[in-house]
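**Q** The residues making up each chain are set out below.
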Amino acid sequence: MQYTLLILLLPLLSFIILGLVDSKWSPKIAGTIGTVVLGIITALSYFAAWEYFTLHRIDGIYEKVIPFDMEWLRFTDFLHINLGILLDPISVMMLVVITTVSFMVNIYSLGYMANEKGFERYYAFLSLFTFSMLGLVIATNIFQMYIFWELVGVSSYLLIGFYYTKPSAVAAAKKAFIVTRFADLFFLIGILILSFYTKTFDFGLLTSGDPKVFAGAAGATFMGFSVLSWAMAGIFIGGAGKSAMFPLQIWLPDAMEGPTPVSALIHAATMVVAGVFLVARLFPVYITYTPEVLHGIAYVGAFTSLFAAVIACVQTDIKRVLAFSTISQIGFMMVALGVSGYGEHEGLGYMASMFHLFTHAMFKALLFLGAGSVIHAIHSNEMNQMGGLRKYMPITNWTFLIACLAIAGIPPFSGFFSKDEILSACYEFSPFMGITMTFIAGLTAFYMFRLYFNIFWGKEHKHEHTPHESHFAMAFPLIFLATVTVFAGWIPFGHFVTSDRANYEIHLDMTVASISVIIAVCSILLAMIMYRKESAIPKKLATAFSGLHTAASHRFYIDEVYLFITKEIVFNSISRPLAWFDRHVIDASMNGMASTTQWVSLKIKGFQSGQVQQYAYVFLLGTLVITLLVLFI
Amino acid sequence: MGDLLTNFLSGPVPVEAYLGLSLIMFFSGIYGFLSRKSLLMILISIELMLNAADINFVVFNRYLYPGHLEGFYFALFTIAIAACETAVAIAIIINIYRNLSSVEVGNLDQMKG
Chain A
53 MQYTLLILLL
63 PLLSFIILGL
73 VDSKWSPKIA
83 GTIGTVVLGI
93 ITALSYFAAW
103 EYFTLHRIDG
113 IYEKVIPFDM
123 EWLRFTDFLH
133 INLGILLDPI
143 SVMMLVVITT
153 VSFMVNIYSL
163 GYMANEKGFE
173 RYYAFLSLFT
183 FSMLGLVIAT
193 NIFQMYIFWE
203 LVGVSSYLLI
213 GFYYTKPSAV
223 AAAKKAFIVT
233 RFADLFFLIG
243 ILILSFYTKT
253 FDFGLLTSGD
263 PKVFAGAAGA
273 TFMGFSVLSW
283 AMAGIFIGGA
293 GKSAMFPLQI
303 WLPDAMEGPT
313 PVSALIHAAT
323 MVVAGVFLVA
333 RLFPVYITYT
343 PEVLHGIAYV
353 GAFTSLFAAV
363 IACVQTDIKR
373 VLAFSTISQI
383 GFMMVALGVS
393 GYGEHEGLGY
403 MASMFHLFTH
413 AMFKALLFLG
423 AGSVIHAIHS
433 NEMNQMGGLR
443 KYMPITNWTF
453 LIACLAIAGI
463 PPFSGFFSKD
473 EILSACYEFS
483 PFMGITMTFI
493 AGLTAFYMFR
503 LYFNIFWGKE
513 HKHEHTPHES
523 HFAMAFPLIF
533 LATVTVFAGW
543 IPFGHFVTSD
553 RANYEIHLDM
563 TVASISVIIA
573 VCSILLAMIM
583 YRKESAIPKK
593 LATAFSGLHT
603 AASHRFYIDE
613 VYLFITKEIV
623 FNSISRPLAW
633 FDRHVIDASM
643 NGMASTTQWV
653 SLKIKGFQSG
663 QVQQYAYVFL
673 LGTLVITLLV
683 LFI
Chain B
638 MGDLLTNFLS
648 GPVPVEAYLG
658 LSLIMFFSGI
668 YGFLSRKSLL
678 MILISIELML
688 NAADINFVVF
698 NRYLYPGHLE
708 GFYFALFTIA
718 IAACETAVAI
728 AIIINIYRNL
738 SSVEVGNLDQ
748 MKG
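Chains as they are written, first to last, in this note's numbering: chain A, 53 to 685; chain B, 638 to 750.
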């Protein structure tokens, strides 16, 4: 399966070409190159997935395949960084997800970004992102993953700040980069601790279940926890940064400043699930050696999910609602991983998490692209500028509705199946967790339909010009993704991706399924009553719970807390004294040396008069003095 | 006193006389080098110093190692080298004159700090 290398290299090539020619070629050519390359690698990924899932099954278990591997840096005899390609069920699945969504976004952008300044730059960055994300999922070792992890961060930064003349976009890009980079510091620390004790970076060895690998860490503790727990927690914090887990979620809503297709690709479908993928990749280590960290992940995920869902209910910017819903859904995936065990039925959570990752990528990308289509027609992100759009934009309306039904968990749409598996796994972990997650699922249905009714129903708003259905390039991805959303749920996912890579038959737990469907339907009806036609209920509720409402619409003041901590505490008590020390002690001593030298040279430069005879005179005097010294001393 | 002068005049020329001559030549050279304004005069002063050194070579060879010839050869070499050096110096001076229309050493201060 050597050709998988092409999947990685083609986007890189396209990035280099598009980046070098910049605006020398017409936007049409640049867009075509980017899209065609994506089309090719999408086809290659599908072929790779087909080949992998049909061929590589030994004793009912999917073998890991490494079609390409080379040593890149050697530190010691056993510690070296390789660059390679690792194909196993989750990486193959991610290949399919990334290339599909990326391909759709590339097509969509042909319409959405047409006539934008910097169109070629945009496509170059898209290719760079696709390259980095693919590199991340097929990494054979944790360090290679880290390299691509950072590349993903950079391309996300570049794309959020695409409209670099807009101050808010620049600020959002910086915020996203700094927050995720801060989290990545912990990731790096985790990697270093882990590799120090296990003497390897290789995923194959780490997840082999061989106790010898972890023998070095046995008994080593730090502050009451084993060093492995610290390492794995550090790695999870890195993942939490990228996946916007509480309290590192603050960058994701602001990242919506980027172009909408970018939000669909990076901040909904692919990059933000990198953290989930990371935990899934190291899952055997988490479950065997540090189950307490895994439980921590479950609680962090559940809290984030609830927190984001509550905020999503009161936001008015449609992209922000979707951003918070993304955070909430990633929380679901994290919870599912956290509550999962290993093998057969125990590993249900793992399978559910990956299943949800897959379906969520499709319908969330669809939601974002739909939102983009609406924004394109209305030229506003605000919900109260919309309403009654179903008449003008039928395709967007229907596809958006399908995605909303999927995320709300209504059968037979894909979200129902994956969410149901997650809920079953949660109930098996503890009833409390199951009830919490069911409640959040209800909230999800409510806020999604609040969004839907506000955009497509409700009171019609006056527009400067009549909104119209989008261009075909934009409509096609919507239709394609909607089709996937309708049918993806029927994929026998347990057949492909499970914790121990063996076959697992998914069976619906009818109690859990029916309860969650009833709750979802009730939530949708509630949203329908409140928002389908103009009604006074939302306002009354907002005044009744004014405290909660204001707090939620200010995102529970987490940003303010961050600002307070950074500006008031970190800046004033650490940065300013350090800056003072830098300026007045370090710089000053250097400046002092320079100015002393200058002063001395100014004083003695008179000797250099250019008069030959004066030089000779001084020389003679010197000779005399030395002679006298030699003679008489 | 009379005896001394007689000895001095009648006997072979004593070494002090040669050294005295070379000393006078050398310091005249130094004085000329330091005080003259014209590059040509400075060049002549340098030649004077070189010749003083030549005399020393010859004298010391004659009095200290009478059977040897190194000192004489050195003197001959120095004369040849002095000739070359003068040629170069004259060439430089001509160039200076072309550029500055003067050979005053005081005008050559473009290299000052």
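Since the hints were derived computationally from the structure, they do not count as laboratory data.
Predicted, not measured: the structure shown is a model, and the values here were computed from it.
For glycine and all other residues, C-beta sits at the position ideal for the given N, C-alpha and C.
Be careful, since some hints might not be right.
Which residues of chain B face chain A? A partial, calculated answer using Cβ under 7 Å [unchecked claim]:
id : residue
1  : L671
2  : R699
3  : E741
4  : V742
One-sided excerpt, in silico: chain A residues whose CB lies under 8 Å from chain B [to be verified]:
id : residue
5  : G674
6  : T675
7  : V677
8  : T679
Pairs of lysine-lysine residues, derived as DSS-like cross-links and limited to a Cα-Cα distance of at most 27 Å, are as follows [said to hold, decoys possible]:
id : chain 1 : residue 1 : chain 2 : residue 2
9  : B       : K749      : A       : K585
10 : A       : K80       : A       : K251
11 : A       : K169      : A       : K218
12 : B       : K749      : A       : K655
13 : A       : K169      : A       : K226
14 : A       : K619      : A       : K511
15 : B       : K674      : A       : K657
16 : A       : K116      : A       : K251
17 : A       : K585      : A       : K511
**Q** Are the hints correct? Go through all of them and say.
**A** Status of each hint after checking the structure:
1. Taking 7 Å as the C-beta cut-off, the interface hint given for L671/B holds, the closest approach to chain A being about 6 Å.
2. Interface restraint check: R699/B against chain A, minimum CB-CB distance 26 Å, threshold 7 Å, status violated.
3. At its closest, the beta carbon of E741/B sits 11 Å from a beta carbon of chain A; the interface hint therefore is violated under the 7 Å criterion.
4. Evaluation of the V742/B hint against chain A yields a held restraint, the C-beta minimum of about 6 Å falling below 7 Å.
5. A distance limit of 8 Å between C-beta atoms decides the matter here; for G674/A the minimum to chain B is near 14 Å, and the interface restraint is violated.
6. For T675/A, the suggested interface contact is broken, since its CB lies about 11 Å from the closest CB of chain B, more than 8 Å.
7. A hinted interface residue such as V677/A counts as satisfied when its beta carbon comes closer than 8 Å to some beta carbon of chain B; here the least separation is about 16 Å, so the hint is violated.
8. Residue-level restraint check for T679/A is violated (minimum Cβ-Cβ distance to chain B is 14 Å; threshold 8 Å).
9. With a CA separation close to 92 Å, the supplied pair K749/B and K585/A exceeds the 27 Å bound.
10. Our distance criterion of 27 Å between C-alpha atoms is broken by K80/A and K251/A, whose separation comes to about 50 Å.
11. Distance hint between K169/A and K218/A is fulfilled; the C-alpha atoms sit about 13 Å from each other, no more than 27 Å.
12. Pair hint K749/B plus K655/A holds up; C-alpha atoms about 14 Å apart against a cutoff of 27 Å.
13. At most 27 Å may separate the alpha-carbon atoms for a hinted pair to count; K169/A and K226/A meet this at roughly 21 Å.
14. Distance hint between K619/A and K511/A is unfulfilled; the C-alpha atoms sit about 43 Å from each other, more than 27 Å.
15. Under the criterion of a C-alpha separation no larger than 27 Å, the hint pairing K674/B with K657/A is consistent with the structure, at around 24 Å.
16. Taking the CA atoms of K116/A and K251/A, the gap is about 21 Å. The hint holds against a cut of 27 Å.
17. Distance restraint check for K585/A and K511/A: the Cα-Cα separation of roughly 7 Å lies within the 27 Å cut-off, and the hinted pair is therefore satisfied.
In this structure, the hints that do not hold are numbers 2, 3, 5, 6, 7, 8, 9, 10, 14, in rising order.
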